[in-house]
Amino acid sequence: MEVVKACSTFFLYAVTAIFAENAVFGRAMGVSRLVKLVEDSTVDTLTFGGLLCLIQLVAAPLTYWVNLLLTPLSWRNAVRPFLFILCSTVAFFVVLGVLLLVLKEKARRMLAVLPMATFNTAVLGVLLIAATQSFNLVQTMGFALGSGVGYTAAVVVVSEGQRRMRQDMVPGSFKGLPITLIYIGILALAIYGFTGHRISIG
Amino acid sequence: MNSKKAKYLSENMERIARRDRVFLNNPVIMQGMGLAPLVVAATNGMNALMLSVAVLFLLTPTRVVAAMICRTGRGQLRALVYCFTSSILYIGVYFALRAIFDVEILQLGVYLPMLVVEPLIIKRYERPQPERVMTALRKGLRTTMGYVLVLLLMGCLREILAAGTLFGAHIPRLNTTLLPMASLPAGGFILLGVVCAIWRGLVRAYKKHVHTEARRGE
Amino acid sequence: MKEQQLARIRQDKGVHADLFYMCLPLLAMAFAFYGLRSVLLCGTAVIAANLSDRLVAWLRHQPYEKGEWSSEAFAFMLALILPATVSYYVVIVGAVAAVLLGKEAFGGYGCYVFHPTAVGYAVVAVSWPEQVFRYPEAQLFQSLPLGSVSGVQLVDSPLHSLKTGGLPTLDNTTLFLGNYAGPMGVTALLVILACALFLANRRSLHLSVVFSFLITCALVAFVAPRLGDIPAFSMPWTYVSDRLAVMKYELCSGGLLFAAVYLMADPVICPTNRISRILYGALTGFMAMMFRYYGNYETGVCFAILAMNAFSGWLDRAVLRILHRKGVVRREL
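Chains as they are written, first to last, in this note's numbering: chain W, 1 to 202; chain P, 203 to 420; chain C, 421 to 753.
Just so you know, the hints here were simulated from the structure itself, not pulled from any lab data.
Hints may be right or wrong, so weigh each one.
[To be verified] Derived lysine-lysine pairs resembling DSSO-like cross-links, with alpha carbons at most 27 Å apart:
(1) P:K410 with W:K175
(2) P:K206 with P:K410
(3) C:K583 with W:K175
On a predicted model such as this, the values are computed, not experimentally measured, just so you know.
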């Protein structure tokens with residue numbers, strides 16, 4: 001029964017993180033990286049997204065336990081980013097080790113992308129939200145994985161938008177970053193039409 | 203414009219534009235960096251000011267210290283060097299901000315600690331050559347100025363549109379909210395997109411004017 | 421205006437001009453229920469859209485294209501989805517957002533990715549929900565004040581009770597004639613149906629999209645009704661009369677019929693292939709119902725349209741890829 005309850009909590013938080021509290025459309029986390037990914041076709045979106053999800057999954061429980069240790073300290077807000085970066089670094093090396101072990105030569109192509117997928121606002125921001133909102137372990141894991149999936153979905157959706165847009169017809173001043181931001185903003189409006197309220201930023 | 207000046211600007215426009223991190227090559231408008239705090243947290247003038255002070259204290263010192271460390275160590279761990287440098291410096295920045303703004307900084311939520319991994323601060327690690335310390339200092343200061351300008355512009359604009367106030371003070375004769383949506387992330391994205399487009403239009407117009415003046419002088 | 425855009429206008433054979441003209445009967449109904457204010461609001465929207473178009477033509481150093489009525493049509497449709505008590509400023513902001521953000525920023529006619537009316541509606545609904553989701557009582561030959569409407573009592577739509585699990589108490593005549601509190605031009609269902617027939621006859625409306633949208637909405641309302649009297653997860657063959665009643669009210673509320681006829685069949689956004697269109701209509705219908713059931717705003721259809729617009733191109737490509745793989749000859753529709 002406890003397992004079923006934990007699974008349903010995990011999926012609820014994951015689905016919420018993918019849709020209603022999407023990291024990109026709801027909180028603009030990782031938008032700078034997203035804009036670069038969408039313009040740059042040399043980095044595979046699914047590879048980046050997959051690595052991001054793996055990093056989130058490994059880092060989330062570490063940050064949960066670190067946050068528990070920090071709770072009684074008055075200066076926790078100051079040191080939290082440093083300790084969370086430490087957890088992300090551990091996750092980086094764990095994922096690196098797993099990739100080299102399992103994929104061997106194929107992993108070398110992913111190595112260039114791994115730092116980008118680890119040290120970005122989408123990862124740290126999500127872990128900080130889970131910490132400041134005092135999620136329990138299952139909620140943190142569900143939220144972290146859902147955010148990774150939601151981020152990847154956002155990159156795919158925005159890339160699809162880029163493909164559909166007639167870039168040659170877009171006014172010169174709007175080409176590139178401005179129209180991408182407007183596209184993301186309109187989709188963010190659509191999601192706001194569902195939630196109807198501003199989501200908390202910690 | 204003086205024709206000699208126009209000719210000089212026209213011939214060196216690419217180099218000048220690359221160096222000018224405030225108007226011609228603003229890190230936000232031209233390179234799309236630092237978008238997260240701008241879109242979500244900079245919803246009013248005060249938040250923009252707090253973020254500006256944070257970036258002022260964090261960006262240049264991170265870049266300089268990381269440049270110093272990278273020159274001495276292995277290149278492969280650059281990402282770690284930049285992130286750890288910014289997160290350690292953040293500890294001091296946090297206390298400084300608490301001293302200046304007290305609990306107001308809680309309005310920024312997680313967007314203040316998120317600056318630690320913001321591409322604006324750490325993106326330099328992606329380039330293979332280590333940066334010279336003086337270059338890091340110069341570029342850091344210029345990038346800070348450019349980002350602070352856009353932060354304050356967006357923060358004030360969004361506050362005026364959404365609340366009809368500026369740093370909390372009511373604007374006389376403005377008795378209606380022009381665009382309440384401006385305080386939401388969706389509104390932030392759209393407004394930033396429009397501001398970017400207008401800014402880029404002005405940059406293009408300026409470059410065209412310089413080239414026209416240069417040709418006229420020939 | 422670029423050659424591609426001119427070619428696109430000729431190909432679409434004035435669909436938006438038809439849509440504009442078919443908004444006029446709805447405006448007549450709105451005038452009957454709310455007076456001159458409704459006409460002034462629609463006129464303001466259309467003029468704001470026209471001026472925005474001219475401004476963009478001047479900024480882009482292009483001649484203003486007189487035959488192209490899409491901006492005016494989008495603004496007219498937007499005004500009709502708003503209550504008659506909304507302020508002129510809100511209508512102007514909506515119209516300008518629809519034209520500048522929804523259409524011109526993406527490159528103008530033939531290039532927009534999101535339905536401009538839905539964009540304009542989303543902007544004003546999110547900014548001024550207290551004006552957009554509260555309505556004056558409809559009454560034949562009443563005349564709302566032309567200026568400030570602070571003295572007018574605003575109520576929730578009677579169909580708002582669907583959200584709380586209840587059933588509205590409107591009789592069929594009132595329901596189909598539109599004589600109840602709601603958006604200006606969206607409640608007169610008989611008029612909308614008549615306009616739909618005209619548009620279909622003029623080939624300005626793809627019936628595949630309309631039917632798939634409405635059938636999906638009806639199915640969702642039938643299988644999973646919001647009525648409190650019907651237990652959740654009950655079998656579809658139980659409580660049939662209650663389900664049919666809920667289905668009727670769900671289809672007649674929230675601007676679903678208006679959206680199906682006027683918004684769904686936009687020639688630029690609608691997929692080109694018939695199967696894609698059916699899927700597009702069905703998915704948008706499903707999303708519209710989800711937005712209505714679980715979303716915050718009762719007229720969630722515009723937000724659902726925005727969300728689906730992001731996928732319509734992908735849908736077209738996916739269906740065409742499957743059809744080509746199966747060796748089916750694709751007919752141009």
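Evaluated hints:
1. P:K410 with W:K175: holds, 18 Å
2. P:K206 with P:K410: holds, 16 Å
3. C:K583 with W:K175: violated, 42 Å
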